[in-house]
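As given, the protein sequences belong to chains A and B, one line each in that order.
Heads up: the first sequence begins at 37 in this note's numbering, then just goes up one per residue.
Heads up: the second sequence begins at 37 in this note's numbering, then just goes up one per residue.
To be clear, the hints were calculated from the coordinates, so they are not data collected in a lab.
Here the structure is a predicted model, which means the values were calculated and not measured.
Some hints could be false.
Each pair may be met inside one copy or between any two copies, as identical chains are not told apart.
What the hints assert, rightly or not - Computed cross-link-like contacts, BS3-like style, restricted to lysine-lysine with a CA-CA straight-line distance of at most 27 Å:
(1) Lys152 / Lys82
(2) Lys145 / Lys191
(3) Lys242 / Lys73
(4) Lys242 / Lys195
(5) Lys191 / Lys153
(6) Lys242 / Lys191
(7) Lys191 / Lys152
Protein chains: 2
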Amino acid sequence: MSTLNQVSSIRRTSLHVELTDRLRDMIVEGVLTAGEKVPEKTLCEKLGVSRTPMREALKVLAAESLLTLEPNRGARVRAITIEDLEEVFPLMGAFEALAGELACRNITKAQLADIKKAHNQMLRHFHNEDMPEYFRYNQQIHEIIMDAAANPTLKTMYKSLAVRVRRARYLANMSSERWQQAVDEHEEIIDALENQDGQLLGAILKRHLMNKFETVRQWLGEQESQTTNNN
Amino acid sequence: MSTLNQVSSIRRTSLHVELTDRLRDMIVEGVLTAGEKVPEKTLCEKLGVSRTPMREALKVLAAESLLTLEPNRGARVRAITIEDLEEVFPLMGAFEALAGELACRNITKAQLADIKKAHNQMLRHFHNEDMPEYFRYNQQIHEIIMDAAANPTLKTMYKSLAVRVRRARYLANMSSERWQQAVDEHEEIIDALENQDGQLLGAILKRHLMNKFETVRQWLGEQESQTTNNN
DNA sequence: AATCTGAATTATGAATTCATTATTCAGCAA
DNA sequence: TTGCTGAATAATGAATTCATAATTCAGATT
């Protein structure tokens, strides 16, 4: 083997991009919890970078509404409130509906096949009551639809909303009836896609999301009433 | 008069926020033209700041898709292409439709009165064929609707799209028939608002925007065919 | 004991410096 | 002339340094 192959791959993306992605993950995964103050220095030391790229990343995440920046007082992980959900879900609904319409016009046979494959996987995990894996394939299906919509801006904006509520979405567990209902809705989604009925698909996706909204709202309500005060 | 009053007001926002806003304006107003390379140093000297806050601002504008950042090669003002329009307008349509629905539920008498006032001003400038002033009141009407929708996230996202196409929107002048049509559509909008018919208002707003889209698309087509090559 | 004051500490804001990567352009070869 | 090479220059990426604002906390005052 040539020594050349051992050289670690050249960094293509700049540090602040990596940091932005990294921090975004940390927020979604709950490593950085909502409301938490994030001292720059500590973060820099943990991730082994200087403050300059870190601050650039913080600015971007603030622009994405994942953090709030108070002048001279640093960054804070934005806590999700019920008000946030009520802002974000209708928007996501509009995105999903649009994605559905566009997807029906553009979807390829391969993509449709991928969706069906993912759907079957999802069903399997549904029957095993394996929530994390179910969640993964669920996400995958919606991502393929987004891709089929072939509108990068739509996808980017959708993702930036999704990331804001993702943690809540994941943690809020569904009742078994609601779970069954979600699966049924997915069947409808596939039917509409096959028939290329954009209007219908849009409507289903919107409703599907609004049902999810109800679940999350309930969960968050319980959460908020439990934790009276934590900064 | 006390000497205290003469003290210039304390800076509340941080420099990078001011810069972001300033640069955004410069892009929208065409001071920085599409495709133009923006050397950091020159910009810093012009605006009298150091590179640190400037770079933070550039990162944020890149996150807003107003600039593209090529690693080690600096920032470039993103040129608007027809593909961009085709990405952005359907999204804006979805936003407008949602805003309309929400606005119908929440709009106050005062806001409705403001819209009518702005509409009359707009009509006046329409009859004088004063495009810039017409444009201003037109924007104002749509902004009031956005405000009535009472969804900050929606408004932020809408604005970030609007800013991307605003220059094209402004420069693309309408035919006189199209202009008349736009005015008529505004009458419909007001009717729907008064009747609180969310579905209808959403549909009108969407159509209204799509008509605008057609105008802009045509204009940009002419532009692109004229300028063969300019970096 | 409770509250207030202000010095010491700590954190952020911004400028500067250093390192690395592009770009330019003079000189050379075909 | 055209195209290539590489040194010089200029730009960006990132770390460090300096300045300023916020916070903490010991000590004084009521």
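Comparing the hints with the structure gives:
Taking identical chains as interchangeable, the C-alpha atoms of lysine 152 and lysine 82 are never at most 27 Å apart, the minima being 42 Å within one chain and 56 Å between chains. When the C-alpha separation of lysine 145 and lysine 191 is checked against a cutoff of 27 Å, the pair qualifies only within one copy, where the shortest distance is 21 Å, while the shortest distance between copies is 37 Å. Within a single copy, lysine 242 and lysine 73 get their C-alpha atoms no closer than 35 Å, and across copies no closer than 41 Å, so neither meets the 27 Å cut-off. Proximity of lysine 242 to lysine 195 under the C-alpha cut-off of 27 Å is found in both arrangements, the shortest distances being 16 Å within a copy and 23 Å between copies.
For the identical chains of this complex, lysine 191 and lysine 153 are intra-copy neighbours only, at 22 Å inside a copy versus 38 Å across copies, given an alpha-carbon limit of 27 Å. Taking the closest pair of Cα atoms, lysine 242 and lysine 191 come within 27 Å of each other both inside a single copy (16 Å) and across two copies (20 Å). In the homo-oligomer, the alpha carbons of lysine 191 and lysine 152 lie at most 27 Å apart inside one protomer (21 Å), although the nearest pairing across protomers, at 36 Å, exceeds that limit.
When each numbered hint is compared with the structure, violations occur for hints 1 and 3.
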